[in-house]
Amino acid sequence: MSKRIEVNDLNVYYGKFKAVEDVSLTIEPRTVTAFIGPSGCGKSTFLRTLNRMHEVIPGAYVEGDVLIDGNNLYGQGVDPVLVRRQVGMVFQRPNPFPTMSIKDNVLAGVKLNNRRMSKNDADDLAERSLRGANLWNEVKDRLDKPGSGLSGGQQQRLCIARAIAVQPDVVLMDEPCSALDPISTLAIEDLIEELKQDYTIVIVTHNMQQASRVSDRTAFFNIAGTGKPGKLIEYDDTDTIFSKPSVQATEDYVSGRFG
Amino acid sequence: MTAVAKTPTAIKAKQRPGDRVFSASTVFAGSLILVILAAVALFLIAQSVPAFAADPADIVGGEGFWSYVAPLAFGTVWGAIIALAIAVPLSIGIALFISHYAPRRLASPLGYVIDLLAAVPSVVYGLWGIGVLAPAVVPFYLWLTENLGWFPLFSGPVSGTGRTILTVAVVLAVMILPIITALSREIFLQTPRLHEEAALALGATRWEMIRIAVLPFGRPGIVSASMLGLGRALGETMAVAIILSPAAIVKFALLQQQNPNTIAANIALSFPESFGLGTNTLIASGLMLFVITLVVNSIARYIVNRRKAFSGAN
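Protein chains in written order, with this note's numbering: chain A, 1 to 259; chain B, 1 to 314.
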């Protein structure tokens, strides 16, 4: 299920403003890759170009290629809707659909793809996805209750269950723990470790300890100043980035001298 | 542990003048609405009693109050329901177009135009209905009876003037369209961006995003907006009085010459020439309209509250 992502010379624009400049990197299957960097450096913007979610913002467009197992996401005639079914996403704040029950939330994406599903299959898939997100034991007795009744950490795991229920190739996470308490954060981090067995995971985080705990590879983004585009400064194994980075700016950032 | 247990006294918050003034004025405003409602209800009930108590033979029609008011109540509800059936889907469509489909340059002028529709006096709608719409729809009505006449609602013979309950309902629908559209648009615009993005990130198309994120979120708002519209349709007087050619009957057919009248229009038409018991009867029919509106609103509130846990308000 998991796939390799290759990005070549990608520029991202919001209208005339160039938000991210000239990023090239390769993400291997079944790894966790963390994007770190100061606020506004374009890491979330770049993450969103990996499933074309940046297009939700009017005027946003990219130059360059994003290849998932060799298929260009920005090729002629590629439907962004189908891209997003392959590349799932978890957001900064937990966002289960408030009008749906826990079970319907998990199945929301699947129902879009495949309307006719027997009740047994639906139940199995909901259980599998919730188990996959380490949430099954907490919610198995209240699958028909609204998802908004769960705690923040549970809601975020519900969103992860919803994302993996459609069996994507890649799961993108945009600061998934920034609205959560430490215990819930730990639960999500453990989950990321398990999900790595099956999925390629890309995570944006402000928390450098988190990056060093969960990721195999780390990409450091930075901007020269406000109004300038964000750039990929260094991309290497997480151990290397945090112990002996090759660029001074990276070392300054990971050692807490700025950012 | 040996000390005598003191009775705990509640800690009192300091009373500030600003808080007091503000809370007193909200209490006043809140109770005023109840007082006004009670005053209207009392007036209606007091004036209606003679009509309820009267000998059935003395009531207009000679068969008592209930058989007098039943066709009127039916006409009121029937006309309003058809109007709502026309207006609600259309309003939701317009509201979604403005909130999610139209380019911004087009969206706000369109919103203004819709609001403008609400500012047209109902007598103007009535004149438009009888002068323009009624003659214009006759050929269409003829076509309906010819091709769909087997369906009881569209059975003939068609009214030659077009002044039927369906024409009234269309005019009522145009009148309630702006209020439902405006409120729905507001609520659709408030759909949390997070939920819309959640749907899109799952691979939803724009319509699927609207179906799983926007419409469920807006549902209570749509129900409330429809109820406001329904209230206006139930109580609308001038437009109905001008357009409809009424009869004291209960009939579902939409296109025929004889149509059930509505309570409000009947009061408006009959009140100037009424006296004594006739006036009481009309006011009693007004009381019925009051009750109908109350019941309809309670049902709507019940529907909204039933799924409160899923409303997204928490």
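Quick caveat, the hints were computed from the structure, so don't treat them as lab data.
Some hints here could point you the wrong way.
Here are some, though not all, of the chain A residues that point toward chain B, as calculated from beta-carbon distances under 10 Å [claimed, not checked]: (1) 29; (2) 163; (3) 172.
Model, not experiment: these values are computed from the prediction.
From the three backbone atoms N, C-alpha and C, an ideal C-beta is built for every residue, glycine too.
Hint check: 10 Å Cβ-Cβ cutoff, residue 172/A to chain B: holds (8 Å)
Cut-off 10 Å, beta-carbon criterion: hint that residue 163/A touches chain B: holds (8 Å)
When the least beta-carbon distance from residue 29/A to chain B is tested against 10 Å, hint result: Status violated, d = 21 Å.
This entry does not satisfy hint 1, going by the numbered hints stated previously; all others are met.
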